[in-house]
Amino acid sequence: MTQEHQPILTLQAVRKSYRGRAALQGISLQLFPGELLGFFGPNGAGKTTMIRCICGLLKPDEGSISLRIPDSFRGSRASRPGLVPQNLAVYPDLTVQQNLEVFGRLEGVRGAALQQRIDEVLDWSALRDRRRSLARTLSGGMQRRLNIACSVLHRPAVLLLDEPTVGVDPQSRERIYAMMQELTAAGTAVLLTTHQLEEVETRCDRIVVMDHGQIVADGRLPQLVASSLGLPHRVELSFQHACTVELRDFEFDEQRLTAVCRLASMQQLPGVLEVLQRLPEPPQAINVRSFGLQDVFLALTGRSLRE
Amino acid sequence: MILTFLRIACLRLRNNPLELLLVFVMPVLFFSIFAMIFSQGIAAGTEKPVRLGLLLPEGNVAAAELQSELRQNSSLICTDLGVLPTESEGRERVILEAQNSSRYDLLLLLPTDFSTAEEARFQVRLVTDGQNAMAVAMVRAILEEYYAVQRVEGVVEKLQDAAQAAAEVAAAAERALPAVDDPEGQGSFFRDPVSPRRVFDGSGAPASVESELSPVAAEQPASVLDPPLDPAPGMSADVVDVDTEKLLTAGPEPQISVDNPQAADQQNPRIAMYAAGIAVLFLLFACTGHAATMLEEAESGTLDRILVSEAGLLQIVAGKWLGIFLMGCLQLSVMFVFAETVFRIHLWSHLDGFLVMAGCTSAATASFAMLMATLCRTRSQLQGTATVIILSMSAMGGSMIPRFVMSDRMKELGRWTFNAWALDGFQKVFWFQSPIESLRPEVTVLLGSSLVMSLATLLLSGRWRRGL
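Line by line, the protein sequences give chains U and Z. Those letters in the first sequence? Residues 1 to 307, per the numbering used here, in order. Those letters in the second sequence? Residues 1 to 468, per the numbering used here, in order.
Among the hints, erroneous ones may be present.
Said to hold, decoys possible - Only pairs whose alpha carbons sit at most 20 Å apart, straight line, appear in this in silico EDC-like list of lysine to aspartate or glutamate:
hint, chain 1, residue 1, chain 2, residue 2
1, Z, Lys320, Z, Glu297
2, Z, Lys158, Z, Glu174
3, Z, Lys320, U, Asp93
4, Z, Lys411, Z, Glu97
5, U, Lys59, Z, Glu310
6, Z, Lys320, Z, Glu340
7, Z, Lys320, Z, Asp352
8, Z, Lys320, U, Glu101
9, Z, Lys320, Z, Glu310
Everything labelled a hint here was simulated from the structure, so no lab data went into it.
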């Protein structure tokens, strides 16, 4: 296995309880260099506890968390993960430049190296023009970018982001994902917790679903759909009167007013439509839908409300 | 609709125990504190007795009599502080210690040769720290009254002696010359115009003997007056005449000196006390407000980011504490420099004591603020709780009401507050002008409590890692 294929971060059967209430129940997870991992689950699933354990803020009751830093990160302070909290975790009464200086120093970066790194990060986050502005005067998108920028000054090998795009406009969201892509291209492993399912679907290399302190699904979207829902496409027919004809692969309801079939590929759809054309009474409506993360999520975690 | 809003208000109050506490318990608490202060102190309806410390010479009868008299006075609470040392240095040390204890409004010192006899000077030294001017006036009046009574009693005694002597002379004369008839009262042997008269003038000095002719006798022919009649055997021929008016008004004035050694070279020392009281009160608020940034950072996630960084929890807590401590020192310095500039509190001549007290007070308040921030869950919770505690401490500790007007019980309660120890220390520095060594109790308590609270903060600081 090459170094790129060895995990940077490995969680092995991690357990953590608060006053007898299990928050993590044997979490095992791997994060690879350059990977963008989408991590999501219902509220109270244990995501925050897991991130706090990875950061070292909490000590697991059982299990282990290990970091293997690639050679490309050696010599830096990369072994400490970068943490981007959900809220604006910067000093609002300091300027952009001052915030970067303060957090850079806290990460142990000083002198000319810090100035050089601040210059790089200002360009990376497109905040150079606003370097002398107070953080509280920035727009929401700029504040989010500054929030991320303050966490990468020490070039972490692992970056943990907690809902980094909440409340930002599409342009800023695009910029934030572009920033993350630049990081992953440089080999940084990014773990992203979010409730924005469409972003996870389209942006993340891998998706992990967590519920009740356990990982209930781990893989790419097609794998998750296949494992949780079976075939990924669904064709639903609605009839005005009860259908008297038997249709292969379709399941009817009791009144025979609705029929549903699942397709492995959309390439099967023309064949289905051809059969329907031959019916004595064609369906009143045809609904074709591909399963997404929402369906996977609800299938895995249920529809009942959480905390 | 209005009832709905009322219901909302009630529900919010019910769901917020801290607000309930602030709304209902805090007023009761404050009322209790002020009621205790005023019911046992400055407005009790009855006069608060003056606490008088007595430093008397050993084996002095007059001093013992005065002591006994003072003890019977319900306006005074007299405490014997032992025998007054004869040497000056020891005497001043005893005085300073008694003043520093803050247990006495006034010290009364009598010289070794203290006497109330008419021929001696009535000398009393009162030593005040200048805080309770009423005590000085009251004790001075009591002493003057005592002296006056002693004088009147002396006069009465003399009158009685004179009357008795006159009666004896008359009886002797009667026995010697029973047939003398002098209906017009002239040429009586009682009116010997040339005989010396003994006059008691109340000067305290031995009665002077002076000669004077009475107007009546001066008009008489010498034959009438001569020869003078011999008095009865064993009796003096002198006429005993007592000038009571002169007795009561003449003579040495009582010497009641009042010393305020601490304020002797200060123009306005009381301002220093106010500066300290206000400064400590606001220092507590400022420090707590600064410590609240820890909660603010925890709420925003900034603290998590810092905890993940190279800085450890100990460094974070220590860094915050240091920031609050330095801010406290600066705040106290600004306050006292202003007081020096405007009111001349003689800061520069007490700089060492000020620096010691400012440092200790700031350390204690910084630790208190950090502990409060660690114990509270939210910023608003901290502000509410801290307000209650700080105002209570300030009321009991002397920042709002001078401690010298409080009862001993309230003073003892005040000892559980920072304010009291800090103010006592500043009082020693600026009021009593005590040497820096005398600040040892205040320094020990303030630094000790600071250490204890800092350790408690460190022990509880693990909560920052667990999140709010």
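Cross-check of the supplied hints:
Restraint check: the Cα-Cα separation between lysine 320 of chain Z and glutamate 297 of chain Z comes to about 12 Å, which is no more than 20 Å; the hinted pair holds. With a C-alpha separation of about 24 Å, the suggested pairing of lysine 158 of chain Z with glutamate 174 of chain Z is violated against the 20 Å cut-off. A C-alpha spacing of about 17 Å is found between lysine 320 of chain Z and aspartate 93 of chain U, which places the hinted pair at or below 20 Å, so the restraint holds. For the given pair, lysine 411 of chain Z sits about 18 Å from glutamate 97 of chain Z by alpha-carbon distance, which is consistent with the 20 Å threshold.
A hinted pair counts as satisfied when its Cα atoms are at most 20 Å apart, and lysine 59 of chain U with glutamate 310 of chain Z qualifies at roughly 17 Å. Of the pairs offered as hints, the one joining lysine 320 of chain Z and glutamate 340 of chain Z is violated, with about 30 Å between alpha carbons and a cut-off of 20 Å exceeded. A distance of roughly 26 Å separates the Cα atoms of lysine 320 of chain Z and aspartate 352 of chain Z; the hinted pair therefore is violated under the 20 Å criterion. Distance restraint check for lysine 320 of chain Z and glutamate 101 of chain U: the Cα-Cα separation of roughly 18 Å lies within the 20 Å cut-off, and the hinted pair is therefore satisfied.
A threshold of 20 Å between alpha carbons decides the hint, and for lysine 320 of chain Z with glutamate 310 of chain Z the separation of about 16 Å falls inside it, so the pair holds.
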